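Work out the full structure: start from the sequences and follow the hints.
In the order they appear, the protein sequences are chains A and B. Residue numbers for the first sequence follow numbering that gives the first Met the number 0, beginning at 0 and rising by one. Residue numbers for the second sequence follow numbering that gives the first Met the number 0, beginning at 0 and rising by one.
Check each hint, because a few of them may be wrong.
[To be verified] Quick partial rundown of chain B residues pointing at chain A, CB under 7 Å, derived from the structure:
no., residue
1, Lys122
2, Leu125
3, Lys126
4, Phe136
5, Ile146
6, Asp269
7, Arg270
8, Pro298
Read the hints as simulated data drawn from the structure, not as lab findings. Bear in mind the structure is a predicted one, so any value in this text is a computation, not a measurement. Glycine residues also receive a C-beta, built at the ideal position from the N, C-alpha and C atoms.
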Amino acid sequence: MRYTIEYQSYNVYQHPVKEAIFEFRVLPCNDETQAVTTYSLINSIGEPVFSFKNLFGFEVNRIRTVAGFKEFTFRLNAVVQKNESELFPYSVLSPEEEQTELTAKAFYIDYHLYLLQSYYTILAPENREHVLEFDRSQPLSTYLQLLNGYVHSMLSYQKDTTDVKTTANEALNIRSGVCQDFVHLFIAMARYKGIPARYVSGYLNQGKSFIGSALMHAWVEAFIPGVGWKGFDPTNNLLVDTNYIKVSHGADYADCSPIKGVLKTKGDNTTSYRVKVSSQQQQQQ
Amino acid sequence: MRQDVASINRSVFNAYVSEPGLLDEVFNENNLVKDHYRKVFTQFSRYSTDDLNKINEYAKLSFFNQGVTFAVYSENLKGIERIFPFDFFPRIIPNKEWEKLEKGLLQRTLAINLFLEDIYHDKKILKDGVVPAELIFSSNFYNREMININPAGGVYAHVSGTDLIKHSDGEYYVLEDNIRCPSGVSYVLSNREAMKRTLSNLFLSHQVLPVQDYPEQLLAIIQSVAPDGIDNPNCVVLSPGMYNSAYYEHSFLAQSMGIPLVEGRDLFVDRNFVYMKTIYGPERVDVIYRRVDDDFIDPLSFRADSVLGVPGIMGAYREGNVSLLNAPGTGAADDKAVYTYIPAIIKYYLGEDPILNNVHTYHCESDGDFRYVLEHMQNLVIKPVDESGGYGVFIGSKASKEELAQYKRIITANRRKYIAQPIMSLSVHPTYIEENGCFEHRHIDLRTYCLMGKKKQFVLKGGLTRVALTKGSLIVNSSQGGGSKDTWVLE
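The structure is reproduced here in structure tokens:
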């Protein structure tokens, strides 16, 4: 499947910005399931875009400017080739073998970034009883699929009840949130059960009626010994397939926030986004 | 009464009483002056209180003239500017004693650097179970942004400040390692300056190893870790600014090394390189001796509210375009809980026995140790693992019943945060007490400075002898009412 993706952010500032550095994590990555064929990054102030690889190995794009401006537009256009193969996350090891690996000391050390709870994923002690029980005689893949549905049913999808700072614990208390909150809650529960889980940001095929496809989306990757990292989308209660175009992953949202900036300015500012994802198959229809 | 040199006036030592069980640096167990202090003692014994007061005033004047001050943090956030109390009775370390210390410090610093490289790469020492992985990952100073970064020359801790004490058994013990932004070295240099100005004849009558080459050595270390391919690196000292307690030192070091002193707002990152704003336009910066804490150096990577750092600098660092001294994340090895594993760390990487002693340490995190700590609180010093500067330290023998009970609650609530050690008896040293016009003994320790660069290493000869000026006190930190002495290593 071939996708064309357009991401655009538009910032308006009350007073001119004198000096700024922006950071973007919006460019799809290359991995075994997808390849970026072409892309362009354009910004309204004409500064060159530079990039570095972050600790997870993803390219982060940056722009620095000292030209005063009150409006700033940033646009990504990319074409991504997604592999057709749909590998569903089934365990290949026996539950016993899986448990042996999950509880090994070296495993904990190798996957500590995805096993240690963080600001977004710590649950208050009274909320930990809501963590879905893990029957360890069952395959891990079964638990993860159950957890996907469990988290999906635990929160209702609502746009204005949470913000980018909301933790899994807070979302659980109000039983609602957006994709970011579903993902943090899934990650929190998986980690409390000793399963490595990470935050993934990316784009969703807009041709299907998925929740969260209007803007950038978030889902989970959990680690199944013997299989590897597999994607789960608790917002839609779906398994990740060719409809999902990955940008980057990290321990939580803080590692994947699409746009960040340090600016010298005063007063208010507003940001609006636009995301367009279309698949070539649809264009031909 | 001292029975040593009968023919001279010993009035300024009259009140000097030895206390059994304390190791005196100057007098032996028979109250006789140790050989290496003989000349100093003889000269001081000839002075009257008036003479000593004069010397003391001269010494103070030297600090005013050099402008050596520091700021103390208190409830109100702006520091109070003070002059660091200086005691003119020098501490003398015989050469043989020093040689062992120097070897031990180099061994320790080398092992710590190998440890840091390991925990940010393969983590072999954790997998081999020599150091508990949980201990490292739960440290506030374990910095995941450092994972798989390769600092120039494999060096992380370029500047280390190791604190040593001499116990009543006559042995030196390491109390703690300071490998984030250790400070105080400027006092070593200004103490020496004050000593030369006030007691020049006494100083010249000894063969004292120099300390004034520290800035030169530091600059060589800084230059040695420039990014690959940079022959003539542009180096700067990055300070948090004038409200920082060590601002004097930052400006002193920059000035004596002849490199710019900058603050975060003077630097910026563009296309993954760091630049300094100058009147001639941007100038590329290759190496930064930064005295800004990890949390504050890059608002894009760490604390977003920091205005002390340089947005984007971690990206430039990750790409290998700038070197930072010390590397971020070194604090994972100077955590007081990790301290207890340093002997094992030395053995693991170097296959050698540690040259320097560690103080036995109890981890409140472990159940057995925790029980011992609760039962023996009055005989222990209890410290938070992640604080420096003597903050939050509890000394069992000095605590009231209420304080004991209160502290018990504090450590029970957060066991990972606390370690306990037997109360070490810091050695004592004659110290001039202005109010009494005579010498009295006060507890001292020794802050040493060890530098490590790419194929270069250096230990400052002596270091900073810190004095607990309050009678009987064991806390020598400048922020807690400590003073210091010039420290002589004899040739």
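With chain A as the partner, please determine if Asp269 (chain B) meets the hint condition of a C-beta pair closer than 7 Å. With a minimum Cβ separation of about 5 Å from chain A (threshold 7 Å), the hint on Asp269 (chain B) holds.
Return the status of the interface hint for Leu125 (chain B): holds when the least beta-carbon distance to chain A is below 7 Å, violated otherwise. 5 Å, holds
Hint Phe136 (chain B) vs chain A: min CB-CB distance below 7 Å? At 5 Å from the nearest chain A Cβ, Phe136 (chain B) passes the 7 Å test, so the hint holds.
Report holds or violated for the interface hint on Lys126 (chain B), using the least CB-CB distance to chain A and a cut-off of 7 Å. 5 Å, holds
Interface hint compliance - Arg270 (chain B) to chain A, C-beta minimum distance less than 7 Å: 4 Å, holds
Interface hint for Lys122 (chain B), Cβ within 7 Å of any Cβ on chain A: The hint holds - Lys122 (chain B) has a Cβ within 7 Å of chain A, the shortest such distance being about 5 Å.
Does the interface hint hold: is Ile146 (chain B) within less than 7 Å of chain A, judged Cβ to Cβ? Holds. Min distance 5 Å.
Tell me if Pro298 (chain B) is really an interface residue toward chain A, meaning its C-beta lies closer than 7 Å to one of theirs. This interface hint holds because 5 Å falls under the 7 Å limit.
Comparing the model with each numbered hint stated earlier shows that all of them hold.
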